[in-house]
Each structure stands twice: as C-alpha cells, then as structure tokens.
Amino acid sequence: MMRRMWIGWLVLALLVGVVPPVIAQQQKIVVYSALPDLETSLIHREFTRRTGIPVEALSVAAAGTLQARIRAEKDRPRADIFVGGSRDFHIPLAKEGLLVKYRSPVAAEAKISPAYLDPDGYWHGWYLGALSIIINSERWDRELAPRGVRKPATWDDLIRPEFKGHFVMPSPVTTGGGYIFVAVQIFRLGEDRAWAYLKALNANASQYTPTAPGTITLLERGEAIVAMMWAHEAIGARILRAAPLEVIVPPDTGFEIGAVSIIKGGPNPAGARAYVDFLMTRTPQDINARYGFRYPVRADVGVPAGATPFEQLKFVKYDLEWAIQNQTRIRERWTREIGR
Amino acid sequence: MAVLRWGEVRRQAADPGLALTFFGAVGILVLFVLYPAFRVLLYPSLRDYLAIPQSLRWMQAARNSLVMMLISTCSATFVGLLFAFATTRPDIPGRRFFRNIAMLPLFAPPFMVAFAYILMFGRLGLITHTLLGMTANIFGWHGLWMVQTVAFFPLAMLIISGVLEAANPSLEHAARNLGADEWSVLRTITLALARPGIAGAALVVAISVLADFGNAVVIAGGFPLLATEAWFRMEGMGDLKGAALVVAMLLIPTVALFLLERYWVSRRVYTTVTGRGSRIERPPTPPLLKGAVVTLCSLVSVLILLVYFGVVAGAFTSVWGRDWSLTLSHWHLARDRIWSLWSSVKIGAIAGAMTGVVGVVVAFLTSRSLPLRNFLDFLAVLPGALPGVFVGVGFVLAFNATPLGGTLWILATALAFWHLPMGYQAAAARLKQIERSIEEAAVNLGASGLRVLWDVYLPLLFRALVEAFAVSFIRAVTNVSIVVFLISPGQVVATFVILNMIQNNIWGAAGALTTMLLLLTFASIGLTWLVLGRVVRTSAVAG
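Protein chains in written order, with this note's numbering: chain A, 1160 to 1499; chain B, 4 to 546.
Simulated from the structure, these hints should not be mistaken for laboratory data. Where hints are given, some of them may not hold.
Calculated Cβ distances over 10 Å to all of chain B for the following chain A residues [unchecked claim]:
{"id": "1", "residue": "Val1190"}
{"id": "2", "residue": "Glu1205"}
{"id": "3", "residue": "Asp1351"}
{"id": "4", "residue": "Asp1459"}
Computed list of lysine-lysine pairs in DSBU-like fashion (alpha-carbon distance at most 35 Å, straight line) [said to hold, decoys possible]:
{"id": "5", "chain 1": "B", "residue 1": "Lys244", "chain 2": "A", "residue 2": "Lys1358"}
{"id": "6", "chain 1": "B", "residue 1": "Lys244", "chain 2": "A", "residue 2": "Lys1476"}
{"id": "7", "chain 1": "A", "residue 1": "Lys1423", "chain 2": "B", "residue 2": "Lys244"}
{"id": "8", "chain 1": "A", "residue 1": "Lys1423", "chain 2": "B", "residue 2": "Lys349"}
{"id": "9", "chain 1": "A", "residue 1": "Lys1233", "chain 2": "B", "residue 2": "Lys293"}
{"id": "10", "chain 1": "A", "residue 1": "Lys1270", "chain 2": "A", "residue 2": "Lys1473"}
{"id": "11", "chain 1": "A", "residue 1": "Lys1254", "chain 2": "A", "residue 2": "Lys1233"}
{"id": "12", "chain 1": "A", "residue 1": "Lys1187", "chain 2": "B", "residue 2": "Lys435"}
{"id": "13", "chain 1": "A", "residue 1": "Lys1260", "chain 2": "B", "residue 2": "Lys244"}
{"id": "14", "chain 1": "B", "residue 1": "Lys244", "chain 2": "B", "residue 2": "Lys349"}
{"id": "15", "chain 1": "B", "residue 1": "Lys244", "chain 2": "A", "residue 2": "Lys1254"}
{"id": "16", "chain 1": "A", "residue 1": "Lys1187", "chain 2": "B", "residue 2": "Lys244"}
Each residue gets a CB set at the ideal place from its N, CA and C atoms; glycine is no exception.
Just need the whole structure built from these sequences, with the hints factored in.
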C-alpha cells in the first residue's frame, strides 16, 4: 500500500515540477544561434538587461543544423531568430519563404553599409569573417622549420608536398566555411582548374572535419600543422587559450557576412524585431569582436584584437548568386570525386 | 506461464478495463515505436534508395561501419571472454577486482572513453606526449577500434560469464579423469560449452558497435561511419532525407543481428546450459594460461582506470598538455552550465517513469492469454534493435511538427520508448516468478482484470518498476545519440553541452561537467541499491 502511494506521489511531483515551466513565460524569445556558447550567452545577457525580454537559446556552432531545424519546423516555427552563420545559410531560407522582411531603423541610423544588408530586407549582416591559412607554430618550429620549409602565403602554397598528411580543413559537404573555400577556388581558378587544385590539396589533407570548430580543435592540439579556417577562430584560440597558432590571410580569400534573420511565424515577432535592432547597436558587435574576434559591421566599433583591418584584406570576386545556386551540385561533385 | 484456455480468453476479453488497457498499450506502442520507424523508412523515395550505391561517401561509410563492426566485435568479444574466464575461475587472483573494474565503462557516458583516450594518447596526451615524448595520431579507425574495444567488452563479459558460470564443473573433472590434459579440457569442454554464449555476446556487441555514435563522433576524425553520417547530414547540409537514408541503411544490419540473437542464439544458449546445481570446485587453471589471463586483464583494467582518471584529472588541469598546474577555474565554467544537468535529470526522470510504467503494464498484458499478445511483445522488444540515431531521426520526422515538438516531452518520450525493452524484460522476468495461484485466488474472490494488476501484481512488480526507472534514467541522462537530434532551446541537456565543449576544445570544463554527470549516475545507482537492496542489473544499463 505504502509503495503505491509512493508511486502516486512521485508521478504527481513530476507533473508539478515539469508542467508549469512549459506554460509559464509568454514574453520570451527563442533564438537559434550558430555562434559559440560564450559570445551568445554574453550578448543575450546584455539583451535581456536592456529590453527585459528573456532569451531561450540553442547555440550549435554549425549553421547547417539550425537551417535544417528551421526547414523542418516550417509548419510550426518554434524559434523567432536565426543568428550567426554566413548569409549563405539565410538566403536559401528567404527564397523558400521561411523568413520575414524587416528593415531595422537602427541599421539606417548607424549608416551601416548597404553591402552588409539584404536589399530585400530578409537578413541583416552584423559581423564579418575571413578565411585564412592557420599554422600550429609549435609543431612548425619543431618539425618543418628545421627542414627549411617556407611558410605558406597563398592558397597555391597549400598543395606543396611538404604538407602531406599535415593539412586539415572543415568539410565542404557539411560546413559553410568548407563550402565557401571551394567556391573561392572556383572563382579564383575557373571550375576545371579548381577541381585539379582540390585533388592536389586532397593528397595533403589528413582529415576534413565535419564541423567547423573541429578544425581549430585539431590544430590547437597539434593533430595537424596547417589548416584552412576562419581567421577569427584561430585568433580567439590564441588569445583566450594561449594556443600556438599563427594566422596568414592569403590574397584571393573568401569571407562571410554573419547574418541575423527573423523566422516567419515565430512565437514573438515583436521581440524578434527588438533583437535585430539590438544586434545593430554597438554593444553586441563589440562583445562579438572582443570574445569572438569577428569584425563588426559598424564603423564605430573597433577591429578585434590581433586582426588585420577588413579593408586591407584582398578578396576574390565572389559570385554569391552562383555559389548558392550551385551549392548542391558542387557538394555532390566533391562527394563523387574527392569522396571524403 | 499461462496455459491458453478458451474460457479464460473469453473471460478476459469480456473484462472491459483490461481490454481498454490492452488496446491503449497497443496504440501507444504503435504510435511511439512503429510510426517513427515507418516515417524514416518511407521518407526517402524508392529512387533515393536506388541511388545509394552511386554515392561514394555513403558506400564508404557503410563499408567502414561494417569493418569497424567486424574488428571491434572480435576484439571486444575476445577481451570479454578473457575477463569472463578470469572472473569465473576461483583460482585466478584478483577476479573480483577485474569484474568490478570491467563494470565501470558500462556507466560512463558514451563519448567518455573516446574523450579520455584523446587526453591520454592524443597528440597532447599525458602518456604519449608528456611521458613518452611520442607524436601519436589517435584519430581514425585504429583509435576508434581501441576505444570501442574498451567500451563494449564489458557487455561480452557479462553474457559469457553467465554461460561459463552455468557450465557444470563435473564435466571438466570427468574429462580430466578420462585422461584429457588441461588444454584439451579447456578446448573441448570449457570453450565448447561457452560457444553459444560467445556467439550471443558477439552479436550484442556488434549491434552496439554499429550504433555507436558517441565514441565515433569524438574520435573517428575524417573516417565516415553510418552512425555519425546521419548527424553530419543534418548538421552541415540540413539534409533530412539524407539522414533518413543513412539511418535506414544502418537499420538493416542491426535488425538482422538482433533477430539472429533473439530467435536463434539466445534460444540455443538455454538448451546447452547444463545447470549450476553443482558445488564442486573447478579443476585448476593451467599456470601458463593463468599468467597470461591475469596479465592481459590487468592491462585492460589499467586502460579502464585511465579513462576515469583522465576525465577527472582534466577537470583540474589548467591547460592539458601544456600547463599541468592544478586549477578550479574549469569548475566555475561548469557551474555556469549546471542548469543543463538539471534538464538532464528532469528528462531522465520523465523517461524513467514512462519506461517503468509502460514496461510493467505491457509485461502484465503479454502474460495474459490475450489475442495479439505476441504482437505486443514484438513491439516492446523492437526498440532494442533500433540504433539511437535511427530513433532520433524517427522522432524528428514523426513528431517535430506536432505539439510535442520543441518541448522536453519529445526527447523524454523518445528516450523512454527506446529503453522500453529493458523495463519490459525486467518486469516480464519477475512476472514469471510470481505464482499464478495468487491471482486465481483474487479472481475467485471477484477481482476484475485491472484490479488484479493493481492489487496483486503492482506491489509485487514494484522492484521491477524501480529497476526499469533506474536503468532508463541512467541511460537517458548519459544519452547523446538521440539527444543531438531532438535538442531544443530551453532544454539543453548536459551531454549535449559536454559534446560541444569537447568539440570546441574546452576540455577542462568538459571534464568537470562529465565528472558531475558521473557522480549523478553513481548516486542514482546507490539510491536504487538502497531501495532494492542490490545493484541495478548492469547488463541492462549497457548499450
């Protein structure tokens, strides 16, 4: 008898403990963040302090996952905001009609360059990043420097035979950074020569990491010597964790415009607009520059520590429209011809 | 068991409460077990299926998964046999120690062995880098092989030692008396009797290796495998159809192995066992063999202790591999994420309660002479054949668009029904021990079918319920394979946070949070022990 009472109480306690949190809090916004946990939670703490709107966030440092979620939930959207990740991940969603148009008055006020904002108003760019070559200087000095190996300065240097088995990068099939890199090679060399280059690079590659932070993890631990990766990730690892990493931004590089967009049909559209407005202000861009080492789009926020000013970098002529339209085809060709 | 009598069938069918419960149970199992599975299998079109052989990467992943299954199963089964042998021979020194050590990996979160081995044997590993000055690359199939061997041999040990214990020592004595030497006794009697156990163990290990997501995602590196490929499909490409295809590919071999184990091997195991009534001492083990077994078991035990040592040490080390000074700073970061542990506990408790209640009710129903009870039994054991990633994708496809989606209930339900076979089998085993006459007495006194369940069986099944709850809870709080697909804002659980930390190189905090998770696991084992007076059946925890 006692035991059955027990079970009854247990079930009751569970219901009491679990159901109310599901019902309570009407006003919050739900954010899908492709930025790491640290920056996300700092920015959200500040947002809640300013606006009084609580934030429930899921941060996964892979924009593809979140893009997939938003697609899967299109009949019942559960998040209000998709933040972080290159605009390459927001544009397809806009084309599929899953985003809401919004033009933040704050962006106009701050005179943010129209180059960073969607002309149709589906996404707002709020940070920038550049692809780069990254070296683990500890292993370089120990293993390659004594053999007189020259440091790579261009994308073409990466296919030199000295780097055989020492190169890592994020997979073009599963990550945005990897894909932008492949597109950059195509814009730089033309499609046929780009594939020859990628095959030569493949001979040096020890692995293609399935997630973007995976590459920096491997390099930081010294599992590889040379990598292709976002510059800000390496600078962050160097400054925050004293990782022995050196960043070289080659000419003809690629970049991302980190975007924020409002999901159509989300539970709190007013809160979502307040969030976009907030990201256009100084504070969050400053936090992102300080802890994520990403370039701000606002002119009045300083360049992140350890980074070359964005205007001084030399970018390849990147045909965004082509890159987005050919995404599936190129990823399939990669799978077929490189197969890793 | 119940003897089928037509009169009883009619009587029970006429009991409306029981009939209602029965159809309710069938309905719930169809909804949460069959429906998600069908959603996955039917989501891609036939043309998508036919295109599989053209995808180099998928064929590679399938081949790699099969190769890993073969080599890891062989090594894990071999080590399991070794340990089973050591723990069932009274003249092997330290056999209790070996058994207790071998249980440890069963309670570790599924990525923990891989994580610890990167700390120990990776490029910055304590042993390889700092102590030996080597440059080792642990990523790839060889690292995964070692990790899976350590992670899954305890399963093999449990199954094989059950069979070895049951083998009657008098057979060995008889063979000795007939003039066989020690080695031929070992070969023709001991190992021959254990053969079905070894086969069964190999099949169970093979299923676990195929479905292993946690270790693979941490240590496999660029080595594509089916279990991780599904997640990468969603992670990088937002490709739900691709994910469904990959897990469907994974399903074929696991279901085949499962059916083989359940309907062929486990049946054979029971027919070969000769009973354990004998109290005769086993004949002594050949000294050479004794030495070899003790050496190898000690070596593996050290490898297991290194797993636990590595994770805890990582939590207190400033920068692993570079700065070995002690620090508590990682615990501050981990404390900031302690809410994730609370989400885990909440979801684990709901999942445990569901597994327990549904398991007991279904076990009660299948013990009645009801029509369709074999179907119900099939539904209740089927999740045991499904890889976690398959269940994850299934619940995404089936329930994400329903009100269940985005709440903690979708994750809890997925975990609860995935663990159902354990709760169900524990309850069914206890039901078989209950004397039927107790129930008949109640019925003669006028109790209805439901009343029988409530007043007679439930008190008796309390232990099974607690056990099912504990096992399901422990596995739910340590799960990653389902969690990564169903995680949503507001209920981010600890394993997900840890996995992210490992992938983002925040080792110290990952170690600290894993340590907290381990403490939680061991605390719940201790609590169950207090309630039940014995440890949770570890065989049920594994997998």
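**Message:** I'd like to know which numbered hints this structure contradicts. Please list them from smallest to largest.
**Reply:** 1, 9 and 12
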